[in-house]
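Residue numbering for the first sequence follows my numbering, starting at 78 and increasing by one per position.
Worth flagging that the hints you see were computed from the coordinates, not collected in a lab.
Incorrect hints may appear among the rest.
Unchecked claim - Computed list of lysine to aspartate or glutamate pairs in EDC-like fashion (alpha-carbon distance at most 20 Å, straight line):
#1 Lys480 - Asp366
#2 Lys480 - Asp389
#3 Lys89 - Asp128
#4 Lys480 - Asp439
#5 Lys323 - Glu219
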Amino acid sequence: MTIHWADVAAEKLAGQGPQTVATGITPSGQIHLGNMREVMTADAVYRALLDRGVEARLIYIADTYDPLRRLYPFLPKSFEEHVGKPLSEIPCPEGCCESYADHFLLPFFDSLDRLGIEPEVHRADRMYKEGLYVDVIKTALEKRDEIARILKEVSGRDLPQDWCPLDVICRSCGRLNTTKVVGFDLARETADYVCKCGHQGTASFSGGGKLAWRVDWPARWSILKVTMEPFGKDHATAGGSYDTGKRISEEIYGYSAPYPVVYEWIHLKGKGAMHSSTGIVVTIRDMLDVVPPEVLRYLIIRSKPEKHIEFDPGLPLLNLIEEYDRRAGEERTLELSTVGAEGPAQVPYRHMVTAVQIAGNDPEQLFAVLDRSGYDTTNRDQILSRASNVRAWLDRYAPPFVKFQLQETLPSKVKNIDPELREALGVLAGRIEGKCAEDIHNEVYAVAEERGIDGKKLFGAIYVAFLGQKQGPKVGWFLASLDEEFVKERLIAASAD
RNA sequence: GGGCCGGUAGCUUAGUCAGGCAGAGCGAAAGGCUCUUAACCUUUAGGUCGGGGGUUCAAAUCCCUCUCGGCCCGCCA
Numbered sequence: 078m079t080i081h082w083a084d085v086a087a088e089k090l091a092g093q094g095p096q097t098v099a100t101g102i103t104p105s106g107q108i109h110l111g112n113m114r115e116v117m118t119a120d121a122v123y124r125a126l127l128d129r130g131v132e133a134r135l136i137y138i139a140d141t142y143d144p145l146r147r148l149y150p151f152l153p154k155s156f157e158e159h160v161g162k163p164l165s166e167i168p169c170p171e172g173c174c175e176s177y178a179d180h181f182l183l184p185f186f187d188s189l190d191r192l193g194i195e196p197e198v199h200r201a202d203r204m205y206k207e208g209l210y211v212d213v214i215k216t217a218l219e220k221r222d223e224i225a226r227i228l229k230e231v232s233g234r235d236l237p238q239d240w241c242p243l244d245v246i247c248r249s250c251g252r253l254n255t256t257k258v259v260g261f262d263l264a265r266e267t268a269d270y271v272c273k274c275g276h277q278g279t280a281s282f283s284g285g286g287k288l289a290w291r292v293d294w295p296a297r298w299s300i301l302k303v304t305m306e307p308f309g310k311d312h313a314t315a316g317g318s319y320d321t322g323k324r325i326s327e328e329i330y331g332y333s334a335p336y337p338v339v340y341e342w343i344h345l346k347g348k349g350a351m352h353s354s355t356g357i358v359v360t361i362r363d364m365l366d367v368v369p370p371e372v373l374r375y376l377i378i379r380s381k382p383e384k385h386i387e388f389d390p391g392l393p394l395l396n397l398i399e400e401y402d403r404r405a406g407e408e409r410t411l412e413l414s415t416v417g418a419e420g421p422a423q424v425p426y427r428h429m430v431t432a433v434q435i436a437g438n439d440p441e442q443l444f445a446v447l448d449r450s451g452y453d454t455t456n457r458d459q460i461l462s463r464a465s466n467v468r469a470w471l472d473r474y475a476p477p478f479v480k481f482q483l484q485e486t487l488p489s490k491v492k493n494i495d496p497e498l499r500e501a502l503g504v505l506a507g508r509i510e511g512k513c514a515e516d517i518h519n520e521v522y523a524v525a526e527e528r529g530i531d532g533k534k535l536f537g538a539i540y541v542a543f544l545g546q547k548q549g550p551k552v553g554w555f556l557a558s559l560d561e562e563f564v565k566e567r568l569i570a571a572s573a574d
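Assemble the whole structure, with the sequences as input and the hints as a guide.
Right, here's the structure in full:
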């Protein structure tokens, strides 16, 4: 019996007072599955804490005050002028949201909700503007030399003479990365700066700028009293931002660094790590179109955070879904993956792949097909939702050989079928009337046997006649789901020449 | 150059902290249900635990070393 990693972390933290589990992501682009690992990891530990009766909260800090680093491939050329501005101060790239940051945050929040993750949200720009950072900014400026020394000692990085832990926003051009702080006044809580754009001015500690990342992070820990935080392996390396953050937190802010959980990246099978700038991205919303939220949770919760996840949205995704649906995984993992009261699906995803393609977009037809196959269709909402998952999967990720399409007219390939097989199709046409799926299926075997034909070949011929390809869904059930006259006509047409 | 994480069956992996018979799922193969249609049942095969060395009665597990993959030591989750 293995203790789940979330419980291991929770056990370490138990008995140390109320816990604040923090996560943070910069909404600089589509928030993808890789990013989601951070939040899922935090949520798993949060749940594990609650399960053992520890008082805990889950917070999510949106780094909305980070500057836009560069013109990402998905942005219009016109956004060049916004590079360097805080994400919260840039307009929405598609004109539908209040800001650039919101454009990527809102769909992400929607996804979190569906995943059953309900963090308290803190937007960095608001925290700065509301003055929550004023004290930590003052301390950082006062102890600038000490911070610089820590950064040098831990990361080996030499900072320029005029380095300042506070980056200010130019009042004229709105950029964070083009200004230089030339002086500050702790009493008035302002900093003086010059900007490359030619402007010079004075910026307030409340919203006039932000701390450099390596200082911002530990400062935030002390402001929000963070006790546990997962982060990507980029921050975890020796000399990385956790190491410097830990020292800054303890020595500058007198606050113990949070308990770390380091997570690995999620790779897209055959393409490498997900990264918004490389275009190797599957967004959370994309995935939620294809799998139910429980399965997405399961994907992340079943792997230990330090293992990278090789994610393949093609055929192997079905294994993951079915492993979850059949409750084949480890019990605690399944428990932590649950969202609400929704149970596992009654209809296996794989079968749904066939059913959906037979039924097309007609829900009644779909229920008819499923009823015929003997599945429980009482939970109609769940079935429709799964069916819509399956359609999206077929559309985007399914390998060609699982797809089929009923041919409106007799496929020309029928001409290549052996005459004796075609004849058998004609015989079959006369034997399906009023028969149920299973009986039709049996007729196929019966006809093949009577005529001394290899059953395999006869099945193949049927598929060619209806789908134009050599394989397809289970024949009896497939034919039974179609209009009987249509089936007869098609079989006769295929047998004639 | 220095560091961090990972390498266990064809694939995904548990077990590594705290040494004690290498386990599971998927896939594969064989058989069964008068039935290949991605359905079900039964059974089987599959391993140099990345390589080498060391410690030990005993090593996937601890130590050293090499190697492969990924990442970090500017910025960035």
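Tested hints:
At roughly 18 Å between alpha-carbon atoms, Lys480 and Asp366 fall within 20 Å of each other, so this suggested pair holds. Restraint check for Lys480 and Asp389: satisfied, since their Cα atoms lie roughly 18 Å apart, inside the 20 Å limit. The hinted pair formed by Lys89 and Asp128 meets the criterion: a straight-line CA distance of about 14 Å does not exceed 20 Å. Of the supplied pair hints, the one linking Lys480 and Asp439 holds, its CA atoms being roughly 18 Å apart against a limit of 20 Å.
Between Lys323 and Glu219, the direct Cα distance comes to roughly 19 Å. Compliance with the 20 Å bound is thereby established for this hinted pair.
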